[in-house]
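Student: Next come the chains, spelled out residue by residue.
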Amino acid sequence: MLDLIQPQLPAITLAVLLFAASAAFLVRFERARAIALVAAGVQVVLVSWITWIVVGQDRVWVYTIGGWGAPLGIDLTIDGVSAVMMLLTAVVGCVVTVYSAGYFPPKDSYRLFWSLWLFLWAALFALFASNDIFNLYVCLELLTISAVGLVAISGERAALFAGMRYILSALAGSLIYLFGVALVYASTGVLDFDLLATQVSIDPTTQAGLALMVIGLLLKTALFPMHFWLPPAHANAVAPVSAVLSALVVKGSFYIIFKLMHVFTGHEMIPGLAELMGILGVCAIIWGSVQAFTQKRLKMMVAYSTVAQIGYLFLLFPLVAAADDIQTAVLAASAGLFHAVSHGLAKGAMFLTAGTIVKAVGSDRLEDMAGLSRLAPIPAFTFAIAGVSMVGLPPSGGFVSKWLYVSSAIETGAWWWAGAVVVGGLLAALYIFKVIALFMGSGKEPLQVGVSNRVITIAPLVLALMSLVIGVFGQPILDLLYPAVESLTAGMMR
Amino acid sequence: MPNNIERPRRAQHIVAVGLLVAVFVLLARAVLYIPMHDTGVASSIQDNLQISGVLNPVTAVLLNFRGYDTLLEIAVLVLAIIGVLSLQREGMLASGRLAPFADPALSLLTRILVPMMILIAGYLLWAGEKAPGGAFQAGSILGAAGVLVTLSGHVRPGWLSPAIVKIIIAVGFVVFLVAAIIPMFFDKNLLEYPLHLAKPLIILIETWLTFSIGMILVTMFISSAAPITDDYVRGDAT
Amino acid sequence: MTQIEIYLLAGAAMFCIGLYGLVVRPHLLHKVMGLNVMAVAVFLVLVSVARRVPGPTPDALPHAMVLTGIVVSVAATAYSLALIKRIYTETGAVTLQETDDDA
Numbered sequence: 034m035l036d037l038i039q040p041q042l043p044a045i046t047l048a049v050l051l052f053a054a055s056a057a058f059l060v061r062f063e064r065a066r067a068i069a070l071v072a073a074g075v076q077v078v079l080v081s082w083i084t085w086i087v088v089g090q091d092r093v094w095v096y097t098i099g100g101w102g103a104p105l106g107i108d109l110t111i112d113g114v115s116a117v118m119m120l121l122t123a124v125v126g127c128v129v130t131v132y133s134a135g136y137f138p139p140k141d142s143y144r145l146f147w148s149l150w151l152f153l154w155a156a157l158f159a160l161f162a163s164n165d166i167f168n169l170y171v172c173l174e175l176l177t178i179s180a181v182g183l184v185a186i187s188g189e190r191a192a193l194f195a196g197m198r199y200i201l202s203a204l205a206g207s208l209i210y211l212f213g214v215a216l217v218y219a220s221t222g223v224l225d226f227d228l229l230a231t232q233v234s235i236d237p238t239t240q241a242g243l244a245l246m247v248i249g250l251l252l253k254t255a256l257f258p259m260h261f262w263l264p265p266a267h268a269n270a271v272a273p274v275s276a277v278l279s280a281l282v283v284k285g286s287f288y289i290i291f292k293l294m295h296v297f298t299g300h301e302m303i304p305g306l307a308e309l310m311g312i313l314g315v316c317a318i319i320w321g322s323v324q325a326f327t328q329k330r331l332k333m334m335v336a337y338s339t340v341a342q343i344g345y346l347f348l349l350f351p352l353v354a355a356a357d358d359i360q361t362a363v364l365a366a367s368a369g370l371f372h373a374v375s376h377g378l379a380k381g382a383m384f385l386t387a388g389t390i391v392k393a394v395g396s397d398r399l400e401d402m403a404g405l406s407r408l409a410p411i412p413a414f415t416f417a418i419a420g421v422s423m424v425g426l427p428p429s430g431g432f433v434s435k436w437l438y439v440s441s442a443i444e445t446g447a448w449w450w451a452g453a454v455v456v457g458g459l460l461a462a463l464y465i466f467k468v469i470a471l472f473m474g475s476g477k478e479p480l481q482v483g484v485s486n487r488v489i490t491i492a493p494l495v496l497a498l499m500s501l502v503i504g505v506f507g508q509p510i511l512d513l514l515y516p517a518v519e520s521l522t523a524g525m526m527r
Numbered sequence: 045m046p047n048n049i050e051r052p053r054r055a056q057h058i059v060a061v062g063l064l065v066a067v068f069v070l071l072a073r074a075v076l077y078i079p080m081h082d083t084g085v086a087s088s089i090q091d092n093l094q095i096s097g098v099l100n101p102v103t104a105v106l107l108n109f110r111g112y113d114t115l116l117e118i119a120v121l122v123l124a125i126i127g128v129l130s131l132q133r134e135g136m137l138a139s140g141r142l143a144p145f146a147d148p149a150l151s152l153l154t155r156i157l158v159p160m161m162i163l164i165a166g167y168l169l170w171a172g173e174k175a176p177g178g179a180f181q182a183g184s185i186l187g188a189a190g191v192l193v194t195l196s197g198h199v200r201p202g203w204l205s206p207a208i209v210k211i212i213i214a215v216g217f218v219v220f221l222v223a224a225i226i227p228m229f230f231d232k233n234l235l236e237y238p239l240h241l242a243k244p245l246i247i248l249i250e251t252w253l254t255f256s257i258g259m260i261l262v263t264m265f266i267s268s269a270a271p272i273t274d275d276y277v278r279g280d281a282t
Numbered sequence: 029m030t031q032i033e034i035y036l037l038a039g040a041a042m043f044c045i046g047l048y049g050l051v052v053r054p055h056l057l058h059k060v061m062g063l064n065v066m067a068v069a070v071f072l073v074l075v076s077v078a079r080r081v082p083g084p085t086p087d088a089l090p091h092a093m094v095l096t097g098i099v100v101s102v103a104a105t106a107y108s109l110a111l112i113k114r115i116y117t118e119t120g121a122v123t124l125q126e127t128d129d130d131a
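As given, the protein sequences belong to chains A, B and C, one line each in that order.
In terms of our numbering, the first sequence is residues 34 to 527.
In terms of our numbering, the second sequence is residues 45 to 282.
In terms of our numbering, the third sequence is residues 29 to 131.
Keep in mind that a hint or two might mislead.
If you want a taste of the chain A side facing chain C, the calculated C-beta under 10 Å gives, among others [what the hints assert, rightly or not]:
#1 Tyr170
#2 Leu175
#3 Glu189
#4 Leu201
#5 Ile209
#6 Ala215
#7 Leu498
#8 Val502
Per the computed footprint, the stretches of chain A lying under chain C, defined by three or more beta-carbons under 8 Å from a beta-carbon of chain C, are [unchecked claim]:
#9 121–127
#10 190–199
Derived lysine to any residue pairs resembling SDA-like cross-links, with alpha carbons at most 20 Å apart [as the list claims (entries may be wrong)]:
#11 C:Lys113 <-> B:Val191
#12 A:Lys467 <-> A:Glu400
#13 B:Lys210 <-> A:Arg64
#14 C:Lys113 <-> A:Arg190
#15 B:Lys232 <-> B:Val219
#16 C:Lys113 <-> C:Asn64
#17 A:Lys392 <-> A:Leu471
#18 A:Lys140 <-> B:Lys210
#19 B:Lys232 <-> A:Ile38
#20 A:Lys140 <-> B:Gln132
Read the hints as simulated data drawn from the structure, not as lab findings.
Quick reminder that beta carbons are idealized off the backbone N, C-alpha and C, glycines included.
Just chain A, same shape as in the assembly:
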C-alpha cells in the first residue's frame, strides 16, 4: 500500500488541497471549517513524508505529470530547498487554520474564507513544486487571486481599497513575468528549468526575458521601491490572512527569483543584477524599519517590518555572486533561505498574535495597548518572542540567519553587507522594543481587555516558540538545505 502511494506523493498532496478547496466551497461554514482542519492535518503528514524521502534519498525528486516529461510535458521537482519551503507552508498553514477556526465567528459571511484559503495553500504547494516557467505563471495567478480574495473578504472599506491596490500591482507583475516567459521561450524553445539551464545563451532576447521575469516577481515580492501595495494589504486584511501573506506568499515569488538566478546564471546574463537587488534590499531594510518605527497602528507596524525583512532575503544574491568558493556561496544562500523560514515562523506568529491583541483591545491603535502585558500576558509574551527573532537576538532563528550572513560577508570581503545586516538589526530593535515597552508600561486610562478564547491565544505562541527552536536546532534545516543549495548556488557564483 505505502509502496503504491509513495511515488505519487506530490500529486496526492496537491490533489488533497484542491479537493478540499472545492468541497469547502460547496458546504456551510462549520463543515468547511472541519474540511480545512482535516486537510491541514493531512498536509503536515504528507509534506513531512515528502521531506523525509527527499532527505533520506538525498536526491532531487522529479515527478513527470502525464508521463510525458519535459519539454513536451510538465515536471514537478522537489529538492531540499522546495521541501523546506513546503514544510514551512505546511507548519504555518496548519497553525493558521487552527487559529482561524477560533478567530472567525461561525457565521456564513466568512464561509468562503475556507475555500479561498485552501486554494491559496494549493497554489503555494504547486508553486514550490513546479519546474516550468509557464506553469509558474498559472500558479502565481492562482496565488494572486486567492490572496486578494482573502484580503477583501472582510468587506471593510480599507480592506477593499487595499485589495484593489494589491490586485492591480500583482496582475501587472504577472503580465510582466509572462512577457518574459514569452521571450525566453522564443529564444530557447523550452520552458523547463533544467532544460533552460542547458539551453540559455546570452542574447538580447533572453536578457530582456530574464529582466522582465525578475521585475514582475520583484513587484510581487514587494522589494523596495515596489513595496507600496504591501503595507495596506497586509495591515488591513483579517489576522490569519495577514499572517499567511507576510509569512508565505511573498516567499513564493522570492523562491522563483532564486531559481531563475541559478538557471540563468543571472549575474552573467545581466551584469549588476545581483548587486542591484542587494542594494534595493538594504534600502528596504532601512526604509521599512524607519516606517515601522513611525507607525501608530500595530498591524501597520508589523506590515512595514515585513517590508524591511524582505530586504534581508535579497542580500543573498550579491553575497553569492561575490563568493570565491562554493562553501562561502552556500553559506550566503543558506543564510537567505534560513531567513525565509525563520521570518515565516516569526512573522506568522506576530501577525496572528496582533490579531488576538486587536480583538482583545478592540482597537488597532498602539496607544490603546499600553499596559497590555498585565491583562493579556500570553499575547504580549508571544509578540516579544517573535520580536526577538525579528531583531535577530540569540537564540532565535533570526539570529542564525544574520550570523550566517555576517560570516559569509566577512569571508567574501564584502563586509559592507554585514554592516547592513547589523544596522537592520538595531533598527528592528528600536521599533520592536518600543512596542514591548508600551505593553509593559501603563496607559493614561485603565485598559479594557475583552474576553478572548484559548485557541487564538495559544496558536501564535506555538509558532513563536518554533521560531526560537529553529535557532537552537537549526542544523537539521541547514543540513536539509545543503545539497540542494550547493548545486543551486554553483550557477550563481562568479
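Model the placement of chains B and C on the given structure of chain A, informed by the hints.
Tutor: Chains B and C in isolation, oriented as in the chain A frame:
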C-alpha cells in the same frame, strides 16, 4: 459618477511617456532578436499527436501534454467566481431579478438565438477534438446564452437554487480532478491517461467543463450586473 | 521587415500602451483595461512566436499558452471588476486617490 477625478499633471505625464518609450525601445530590441527558426517543441508535439487521444495539436497540448496547466487554469476560474461571490452580500444569488427589459425585439431575438447558441456550443465542443474549439469556447457561448435569457427577463437570476448553481460551478473542475487522479490507481502518474482511455476521458472532461464554464460566466455576470441595493437583497426589486 | 516582426513590434508597443493606462490613468476601470491591453499584447507576441516555425502548422505550445492566458485573464478581470463594483457601491469611489491608508 463623481467627476472630481484628478487628471495626471503635465510633468508627470511627460515623464511617464518618456519612460514608456524607453521601455518600448528595450522590448522592441528584444523581440527583433528572436531567432527565426524552429526552436520550439512543435516537432515533438506532432510526433506524439497520435498517442494523445485527439487530433488537434492545440487541444492535445491543452488537455494532454500540458493538461496540468489547464487543470490549474480551471482552478483559477473557479477561484475567481468564489472571489466574486465573496464580494457579494449574503443572499445575492438566490433573490431578485434583473429589471426585465420590456423590449419585444430583445425577447424575440432571445427566443431565436438561444437555441442556436446551444447548438453552436455543442458543435464547438465536438469540433475541438480535431479543429480549433473546445470547452472554453463552447462554455463562453453557453454563458452568453445564459446572459441573454437573464437580460431579456425570460429567466429570473435566482431560478436555480444557490446550491445547484454552486454544484454546476464546481462540477467541471472536480470531474477534471477525478479524471486526473484515476491513472494513479493504475500505477501511473497524475494525468497519465492510458492510450485507449485518453479520448473518452478528454471528451468527458470537456463536456463537464463546458457546463461549468458557462455557469461561471453567467454567475459572474449576474452577481456583478445586479444593482446592490437593500431592495434587491430583500428580493422585491421587480 | 517581415510580417512576424511587425506583429512582434505591435505587441511590444501595445504592452507599453497598456502599462501607460495602468500607471497614469486614475480611474480604476481604465487601470483594469490597461491590464487587459497588456495581456493581449503578450498574447500577440506569443502567437507571433508560434508562427516562426517553418511549414504550414504553427507551434501549438504558444497557442495553448495563449488560451490558458486568456482564461486566466478573464478570471482576473472578472474578479477585479467585481471588486471595483463593490468599492463603488460601498464608498462611491472610482479611483484609489480617495483612500487614506492610515485611517
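Student: Next pair to validate is A:Lys140 with B:Gln132; report whether the Cα-Cα distance is within 20 Å.
Tutor: Cα-Cα ~15 Å, so holds.
Student: Close enough to count: is the Cβ of A:Leu201 nearer than 10 Å to one in chain C?
Tutor: 6 Å, holds
Student: When you check the alpha-carbon spacing of C:Lys113 and A:Arg190, does it fall within 20 Å?
Tutor: 13 Å, holds
Student: Against chain C, run the beta carbon of A:Leu498 and see if the smallest gap drops under 10 Å.
Tutor: Hint on A:Leu498: violated, closest Cβ of chain C at ~32 Å, above 10 Å.
Student: Below or equal to 20 Å on CA atoms is what counts here, so check A:Lys392 against A:Leu471.
Tutor: This hinted pair holds, its Cα atoms lying about 18 Å apart.
Student: Hint validation: A:Glu189 versus chain C, beta carbon distance must be below 10 Å. Holds or violated?
Tutor: Cβ of A:Glu189 sits 9 Å from chain C, so the hint holds.
Student: Need the status of pair C:Lys113, C:Asn64: alpha-carbon distance at most 20 Å?
Tutor: Between C:Lys113 and C:Asn64 the Cα gap is close to 17 Å, so the pair holds against 20 Å.
Student: Please check whether the region 121–127 of chain A has three or more residues whose CB lies within less than 8 Å of a CB on chain C.
Tutor: violated (count 0)
Student: If you draw a straight line from the CA of B:Lys232 to the CA of B:Val219, is it 20 Å or shorter?
Tutor: Holds - the C-alpha atoms of B:Val219 and B:Lys232 are around 18 Å apart, at most 20 Å.
Student: If you draw a straight line from the CA of C:Lys113 to the CA of B:Val191, is it 20 Å or shorter?
Tutor: With a Cα-Cα distance of about 18 Å, the restraint between C:Lys113 and B:Val191 holds, given a limit of 20 Å.
Student: With a cut-off of 10 Å on the beta carbons, see whether A:Ile209 makes it to chain C.
Tutor: 8 Å, holds
Student: So is the region 190–199 of chain A in contact with chain C by the C-beta rule, three or more residues under 8 Å, or is the coverage claim wrong?
Tutor: holds (count 8)
The structure shown violates the earlier hints numbered 7, 8 and 9.
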